[in-house]
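**Q** Fit chain to chain and form the complex, with the hints in mind.
For reference, the chains in residue letters:
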Amino acid sequence: ETGVTQSPTHLIKTRGQQVTLRCSSQSGHNTVSWYQQALGQGPQFIFQYYREEENGRGNFPPRFSGLQFPNYSSELNVNALELDDSALYLCASSHRVDEQYFGPGTRLTVT
Amino acid sequence: TQLLEQSPQFLSIQEGENLTVYCNSSSVFSSLQWYRQEPGEGPVLLVTVVTGGEVKKLKRLTFQFGDARKDSSLHITAAQPGDTGLYLCAGVEAGSYQLTFGKGTKLSVIP
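In order, the protein sequence lines correspond to chains A and B.
In this text, residue positions in the first sequence follow our numbering: the first is 1, and each later residue adds one.
In this text, residue positions in the second sequence follow our numbering: the first is 112, and each later residue adds one.
Be aware that a few hints might be false.
[As the list claims (entries may be wrong)] DEER-style ranges, computed between Cβ atoms:
(1) A:G28 with B:Q125: 36 to 44 Å
(2) B:L114 with A:G28: 40 to 48 Å
(3) B:K168 with A:N77: 17 to 25 Å
(4) A:N59 with B:G206: 17 to 25 Å
(5) B:G127 with A:N55: 45 to 53 Å
(6) A:E99 with B:E116: 19 to 27 Å
(7) B:H186 with A:T14: 42 to 50 Å
(8) A:P61 with B:E116: 22 to 30 Å
[To be verified] Think about it this way: if two alpha-carbon atoms lie no more than 25 Å apart in a straight line, the pair counts; the simulated SDA-like pairs of lysine to any residue are:
(9) B:K181 with B:Y208
(10) B:K214 with B:Q191
(11) B:K181 with A:D98
(12) B:K181 with A:E99
(13) B:K217 with B:E152
(14) B:K170 with A:T14
(15) B:K217 with A:R107
(16) B:K181 with B:P119
(17) B:K214 with A:V110
(18) B:K214 with A:L83
(19) B:K181 with A:G56
(20) B:K217 with A:K13
(21) B:K167 with B:G127
(22) B:K214 with A:F64
(23) B:K168 with A:R107
(24) A:K13 with B:E152
(25) B:K214 with B:S184
(26) B:K214 with B:S137
(27) B:K167 with A:E99
(28) B:K217 with A:G56
(29) B:K167 with A:D98
(30) B:K181 with A:F69
(31) B:K214 with A:T9
(32) B:K214 with A:L39
(33) B:K168 with A:F64
(34) B:K214 with A:Q17
(35) B:K214 with A:G40
(36) B:K168 with B:G193
(37) B:K181 with B:E204
(38) B:K217 with A:S86
(39) B:K181 with A:G58
(40) B:K168 with B:E149
Because the hints were derived from the structure by calculation, they are not lab data.
Since we're looking at a predicted model, the values are computed, not measured.
Heads up, the beta-carbon is just placed ideally off N, CA and C, and yes, glycines get one too.
Same shape as in the complex, but just chain B (with noise of 0.2 Å):
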């Protein structure tokens, strides 16, 4: 059983519309974290959160962390092709030392 769940595994949009994925877990995280990963390159952090409820703001991506601190969701406004890439969920358990990622989402933005 994976720890994170992503969703939707694998996304397809056009450009200039609206998308939001998920990251859903039964654990509690003492934070999470999003990153982008393009092909042949390693993971680039985008935003990490720490405070249930908390949303933060990157340009034209909203994060948010669940109340609860045990799911966050990510939305792109207005999706540009340079979006496109796999978006990975990871989050720290409260107490532990590990990183552990989701099978993260991947998203085309179609010209």
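Same shape as in the complex, but just chain A (with noise of 0.2 Å):
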């Protein structure tokens, strides 16, 4: 059983550009949800994709957008960069919301 895949590891951007993060979900998982780690804080929920639709957003703006694919795969697309979007991006596959399995992550530096 394949577990859940992140890419890039790691990305530096400068601010005002646009970023794209993929996320492969654990086989059979057909739940896909993205969350932003600032350092030295939990994870805060961004939004949840299940069966391609959004059906659940965090408190962020409409610049972080998302997609899942039919293989439930999911990208999150982050628009017009700001220094404070510097962060670890987790991506987390799921059946069930109280049983989410994480990804490595992605660490993103906007300079």
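**A** This is how it looks when you write it as structure tokens:
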């Protein structure tokens, strides 16, 4: 059974640029959630996708958007990057909201 | 205001000591999870508790869910250096699809 994978591992972008992060969910999981984890903080919920539809969103602006594909893999897109967007971005796949399996994350640095 | 408050924020102990970390909220949760996260990695699910008063054991780790389902504790017996990491509690409020995390307790076990 393949676990959750994310790419890239690290990324450096300039303020104002756009970024796309990718996630492959664990085999058999149809739900993907994305989280932002700032240094010294717990993960903050960005949004969740179930069967290619967004079915929940946290307190993040519209410049954070996503997609889920028929194979349940997912993308997180962030437009007009700001310095405060620097964080570890985590993807989690699941059958149930209370049993999520996380990938290793993508470390995004905005300069 | 953080929905889930974890304490202590930092804990440094000697190998062989016992410790307890706490996760408290004023909200009722349908379930509560504990994760451990190591630097540069995603959180790893340790346990899910769903019933008020429930106690679960995982080797030297004991997890308890409060009777009112508003709080939880994690007790580690005879801590070992391999227990070092960030311990995160996370909960799903009744009727919600969203997993909410606390800020975590950073544990260091000194050999």
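**Q** Taking the hints in turn, state whether each one holds.
**A** Status of the hints after comparison with the structure:
1. A:G28 with B:Q125: 36 to 44 Å: Holds: the Cβ-Cβ distance is about 43 Å, inside 36 to 44 Å.
2. B:L114 with A:G28: 40 to 48 Å: Roughly 30 Å apart at Cβ, these two residues miss the hinted range, so it is violated.
3. B:K168 with A:N77: 17 to 25 Å: violated, 42 Å
4. A:N59 with B:G206: 17 to 25 Å: holds, 18 Å
5. B:G127 with A:N55: 45 to 53 Å: holds, 47 Å
6. A:E99 with B:E116: 19 to 27 Å: holds, 23 Å
7. B:H186 with A:T14: 42 to 50 Å: At 47 Å between Cβs, range holds.
8. A:P61 with B:E116: 22 to 30 Å: holds, 26 Å
9. B:K181 with B:Y208: holds, 17 Å
10. B:K214 with B:Q191: Answer holds: K214 (chain B) to Q191 (chain B) is near 23 Å, not above 25 Å.
11. B:K181 with A:D98: Status holds; Cα separation ~16 Å.
12. B:K181 with A:E99: holds, 19 Å
13. B:K217 with B:E152: holds, 14 Å
14. B:K170 with A:T14: violated, 46 Å
15. B:K217 with A:R107: holds, 20 Å
16. B:K181 with B:P119: holds, 17 Å
17. B:K214 with A:V110: Within the cut-off at roughly 23 Å; holds.
18. B:K214 with A:L83: holds, 21 Å
19. B:K181 with A:G56: Given that 25 Å is the threshold and the Cα spacing comes to 23 Å, the pair holds.
20. B:K217 with A:K13: violated, 29 Å
21. B:K167 with B:G127: With Cα atoms ~21 Å apart, K167 (chain B) and G127 (chain B) stay inside 25 Å; holds.
22. B:K214 with A:F64: holds, 22 Å
23. B:K168 with A:R107: violated, 33 Å
24. A:K13 with B:E152: holds, 21 Å
25. B:K214 with B:S184: holds, 15 Å
26. B:K214 with B:S137: holds, 16 Å
27. B:K167 with A:E99: Roughly 16 Å between the alpha carbons, so the hint for K167 (chain B) and E99 (chain A) holds.
28. B:K217 with A:G56: violated, 29 Å
29. B:K167 with A:D98: holds, 16 Å
30. B:K181 with A:F69: violated, 36 Å
31. B:K214 with A:T9: holds, 23 Å
32. B:K214 with A:L39: Roughly 10 Å separates the two Cα atoms, so the pair holds.
33. B:K168 with A:F64: violated, 39 Å
34. B:K214 with A:Q17: Judged against 25 Å, a Cα distance of about 29 Å means the pair is violated.
35. B:K214 with A:G40: holds, 7 Å
36. B:K168 with B:G193: holds, 18 Å
37. B:K181 with B:E204: Measuring from Cα to Cα gives roughly 10 Å; hence the hint holds.
38. B:K217 with A:S86: Given that 25 Å is the threshold and the Cα spacing comes to 21 Å, the pair holds.
39. B:K181 with A:G58: Answer holds: K181 (chain B) to G58 (chain A) is near 21 Å, not above 25 Å.
40. B:K168 with B:E149: Roughly 21 Å between the alpha carbons, so the hint for K168 (chain B) and E149 (chain B) holds.
In summary, the numbered hints that this structure violates are 2, 3, 14, 20, 23, 28, 30, 33, 34.
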